[in-house]
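Novice: Sequence:
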Amino acid sequence: MLVEMGQSFRIRTLHEDLPRPNTYSLTAEVGQWIDNLKDDLSMVDAYRGMLGHILNACVEAFLDGLEHETTNSA
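Taking this note's numbering, the leading residue of the sequence shown gets 1, the next gets one more, and so forth.
Derived by calculation from the structure, the hints in this document are not laboratory data.
A couple of the hints might just be wrong.
Ranges of calculated distance between the beta carbons of each label pair, as one might list FRET restraints [as the list claims (entries may be wrong)]:
{"id": "1", "residue 1": "D45", "residue 2": "S73", "range": "35 to 45 angstroms"}
{"id": "2", "residue 1": "D39", "residue 2": "H15", "range": "24 to 34 angstroms"}
{"id": "3", "residue 1": "S73", "residue 2": "D39", "range": "28 to 38 angstroms"}
{"id": "4", "residue 1": "N72", "residue 2": "D17", "range": "32 to 42 angstroms"}
{"id": "5", "residue 1": "D40", "residue 2": "S73", "range": "25 to 35 angstroms"}
{"id": "6", "residue 1": "G49", "residue 2": "S73", "range": "31 to 41 angstroms"}
Note that CB positions come from ideal geometry on N, CA and C, so glycine has one too.
Make a model of the complete structure from these sequences and hints.
Specialist: Structure follows, in structure tokens:
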């Protein structure tokens, strides 16, 4: 499912001029989650080159969820 989310994000944003890659500080917990995600996804053929897209799709889904919660709580 994560690879599908990443592929969908990549397709939807192909035409956009996205910012160049940035370096962000991560908490140890998030860094460990990403390392575990990379390990898990390394066994999926469709994963190659998708980590950034997958992470972007996860952030997008999280933000959409927050927006939905805000809308429903008003």
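Novice: Now look at each hint and say whether the structure bears it out.
Specialist: Against the structure, the hints:
{"no.": "1", "hint": "D45 x S73: 35 to 45 angstroms", "verdict": "holds (41 angstroms)"}
{"no.": "2", "hint": "D39 x H15: 24 to 34 angstroms", "verdict": "holds (32 angstroms)"}
{"no.": "3", "hint": "S73 x D39: 28 to 38 angstroms", "verdict": "holds (37 angstroms)"}
{"no.": "4", "hint": "N72 x D17: 32 to 42 angstroms", "verdict": "holds (33 angstroms)"}
{"no.": "5", "hint": "D40 x S73: 25 to 35 angstroms", "verdict": "holds (33 angstroms)"}
{"no.": "6", "hint": "G49 x S73: 31 to 41 angstroms", "verdict": "holds (38 angstroms)"}
Checked against the numbered hints above, the structure violates none of them.
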